[in-house]
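Spelled out from the first residue to the last, the chains are:
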Amino acid sequence: MKLKINGRDHEVDVVHDDTPLLWVLRDHLGLVGTKFGCGIAQCGACTVHVDGEPVFACSVPAAALAGRAITTIEGLAGADGTLHPLQQAWIDHDVAQCGYCQAGQIMRAAALLARNASPTEDEIDTAMAPSLCRCGTYQRIREAVQSAAGGQGNA
Amino acid sequence: MRNVSKLDRRTFLKLTGLAGGGLMLGVTVGCSPEEQAASPAAAGGEAFEPNAFVRIDADGIVIYAANPEIGQGVKTSLPMIVAEELDAAWADVTVVQSDIDAARYDHQVAGGSRSIPQNWLPLRQAGATARQMLVTAAALRWEVDPAEVETRDSHAIHTRTGRRLAYTELASAAAELPMPAPETVPLKDPAEFRLLGTRVTGTDNDDLVTGEPLFGIDKRLPDLLYATYVKCPARGGRVRGANVDEVKALPGVVDAFVIEGNGDPTELEHGVAIVARDTWSAFKARRTLTVDWDESDAAKDSSSAAAARARALADQDGATEIVHNGDVEAAFAGATRTLTAFYEYAFVSHAQLEPQNTTAWWQDGRMALWAPSQTPQRAEAAVAKVLGVEADAVTLHQMRAGGGFGRRLINDPVVEAAAIARRVGAPVKLTWSREDDMAHDFYRAGGFHALKGALDADGNLVGWQNHFISFSHDGDKPVSGGSIRGDIDPGPFVPNYRVTQTLLPWRTPCGPWRAPGSNVIAFAHQSFLHELSAAAGRDHLAFLLALMGEPRWLEEGNAFALHTGRAAGVIRRAAEEAGWGRDLPAGHALGLAFYFSHAGHVAEVAEVSVGSDKRVHVHRVTVAADVGPIVNLSGAENQVQGSVVDGLSTMLGQRITFENGRAQETNFHQYPLLRMPRAPRVDVHFVESDFPPTGLGEPALPPLAPAVGNAIFAATGERVRRLPLTDAGWS
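Chains A and B are the protein sequences, given in the same order. For the first sequence, the residue numbers in the working numbering are 1 to 155. For the second sequence, the residue numbers in the working numbering are 1 to 731.
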């Protein structure tokens, strides 16, 4: 199958047509930033963008995404390596504890800010609800999203 | 202390060099600075590696992080302690995760909130020793008195002349100096700390936010195969037969075979391995796999039967007496008022977000492992034992762990991966599904407390009885997390105090879960204390402070014991910061609880309202904690906020129920973790005392459930005596 990931075209041979995007990314392309957490679209650790929208990579067959623009955490920073404001905010706010969910959190937040540059706290909470953080870093996620949103607004 | 004073290889060589004729000391210290600068060692930048934690050469400063990083922040906080005494600028430091090496590192463990207290002194000594040798090297170079040399931001500075030399320029000279005994090296006055107590962002954050490989599950090797391991849903079941030939023929499947376990669930359970070209092919092949399980020796546990049995025992004393202080019968006979209450809580799972995994490669009689483990040294030993190979034939590379919470203290997935890889003879990554994780946990045990309290005419607590009904695998010892000590709060504060225990039979494995024991006993004890203060018509803040009495250590000479003054300090501080007694919005109420665990004194106040649908809203939690000096303020606050969310998440709706030995909940749709809309604001206040620093991974969790339960009572008049809340009609 042919996939367009982070602006590059990839040709991937998988055994099963129903292989979820998650395992194509992780096992076949070595893009391991997208995480496996539950396999049933409950935890959000596998969140990527498909045409800019947040998607659970564990629950969408890669074969269904031919011709769509897939962005993973590895492709969120600028081509020159400049971090997305959310990535910088995550560092500045020291959001992570174990960090396992954070790539998915950042991808979900990036999709939110792309359509709503200055979300309210309630809008952040609602948009982020599909992504679990087992360590409980929600307060810092909220603060990081707010500060990245503010930073973007001022830019 | 042993970490540093123990001779590492380099020190040993140096000392034997000295013993053999003063080779190092005589030659190096005796030569002039010019000679030293011209020496090949200096030109080539010989590394200065005075101990197992510091390595400086011309290229930079490396500090080794020896302990497993599971989200508790030790890959940042422990190197900070070294950097502080070393006077290295944090920006100049590269943190490198150590290999597993019991000869160099005593405690490569993440557990018990012990990383900070165990390492505090040895790491300070490691940094200070390196610093002193760098100072000596600079003094020799400048031909001045070492007392005139100061250090700051990775430089030695000659105070009289302002000359500066970077540590990187001094490394090769320092490497030639004799090693001072670490315990003789002076340590900083804490008032002079520059780095400790500040906010430092995590060392792995750059990699985390860009998706770089860090975790065990991220490990990749050339020609890597992917495995799944299927075990009996009732623990202890054996494989009578399986259609492995049919599974082997499936697309993408490389091999499928039965593995004979060794009867120890902490090592290797019986099961069927499927090895495939990718994880999906392995998972998908499970749908075709049929196993005929022999469950004659498997768990038959039933949560509902256990609860019925426990409730029937509520009115009796337990057969085993844990403690009896004073005269409980007399106290209750003479009491003005007595109360009884039955508290219960469910089994829960760890649900660490990174599913269990290990990558293993058996080559030329050696086993290489890449695994997220809280006890990597023990993992190596377990693999060597089960494979029947020498200990030094097993090498585990520590990987960042996506959460631990106690689950990764046990290394069953590591042993499974090793057993599979040995058979396959190629690198294999074993990944558990979430369903595997929830069905094969070492669960936090559920339990039941039949409590009785006695108040005198003045509303003082004069008697307490607890019949703790827990579980046992062998009929003798309680399961992990199912024991109770006689001296826990409020034991030392009640003159007539009795705890008895009954152990119900239980086969399914139990294990340590964040703040073991405390995480549930705090709920029962600190909620019942509030029942008593309310019955006495007393303010709970005043009641708790009166209980603590005069400031004193409960165990004289043990700085890790409860100190009533520290307890009162955090109780007062939490109440003050939360505005205890203030006017609240309509329907809101405050609940207060204190608990001492893992050497940490923590008090929490929850502000709660309850909707007409019995929906519990926790608006804010105010925490005051005394764990001595804070190492990394950012990490410390994060641990406390996370503990509060974890405590709330667990009390709201998490439970694992067992029927016929099988966990009924299989994934997050049946085991709800708290999501962002319900996450309260958590305000954290540290009472920074001068006592030795203690850990913060656990002690902020236990007070949360009783604080919330007490607030619910204050808001509604209904007492929470059963967890999770959703099992008791709350939502």
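Some hints could be false.
Derived coverage of chain A by chain B (criterion: at least 3 residues anywhere in the stretch with Cβ under 8 Å from a Cβ of chain B; other residues may be distant) [said to hold, decoys possible]:
| hint | stretch |
| --- | --- |
| 1 | 31 to 41 |
| 2 | 108 to 118 |
Pulled from the structure, derived: some chain B residues nowhere near chain A, Cβ distances all over 12 Å [what the hints assert, rightly or not]:
| hint | residue |
| --- | --- |
| 3 | 181 |
| 4 | 214 |
| 5 | 264 |
| 6 | 292 |
| 7 | 372 |
| 8 | 614 |
| 9 | 649 |
| 10 | 677 |
For the record, the hints were derived by calculation from the structure and aren't laboratory data. Please read all numbers here as calculations on a predicted model, not as lab measurements. All residues carry an ideal CB built from backbone N, CA and C; glycine is no exception.
Checked hints:
Given a C-beta distance limit of less than 8 Å, the hint that chain B covers the stretch 31 to 41 of chain A holds, as 10 residues qualify and 3 suffice. Remark: the stretch 108 to 118 of chain A is not confirmed as covered by chain B, as 0 of its residues place a Cβ nearer than 8 Å to a Cβ of that chain, below the required three. Distance check for residue 181 (chain B) against chain A: the nearest CB is about 37 Å away, which clears 12 Å, and the non-interface claim stands. A beta-carbon of chain A is positioned within 12 Å of the beta-carbon of residue 214 (chain B); the least distance is around 7 Å.
Separation of residue 264 (chain B) from chain A is adequate, the least Cβ-Cβ distance of about 28 Å exceeding the 12 Å criterion. Chain A leaves residue 292 (chain B) outside its interface by the beta-carbon criterion, the shortest separation being 26 Å against a cut-off of 12 Å. Listed as a non-interface residue, residue 372 (chain B) fails to keep its Cβ farther than 12 Å from every Cβ of chain A; the least gap is roughly 9 Å. For residue 614 (chain B), the non-interface assignment is confirmed: its Cβ lies about 21 Å from the closest Cβ of chain A, beyond the 12 Å cut-off.
Once the 12 Å rule is applied to beta carbons, residue 649 (chain B) is inconsistent with being away from chain A; the minimum gap is 7 Å. A beta-carbon of chain A is positioned within 12 Å of the beta-carbon of residue 677 (chain B); the least distance is around 4 Å.
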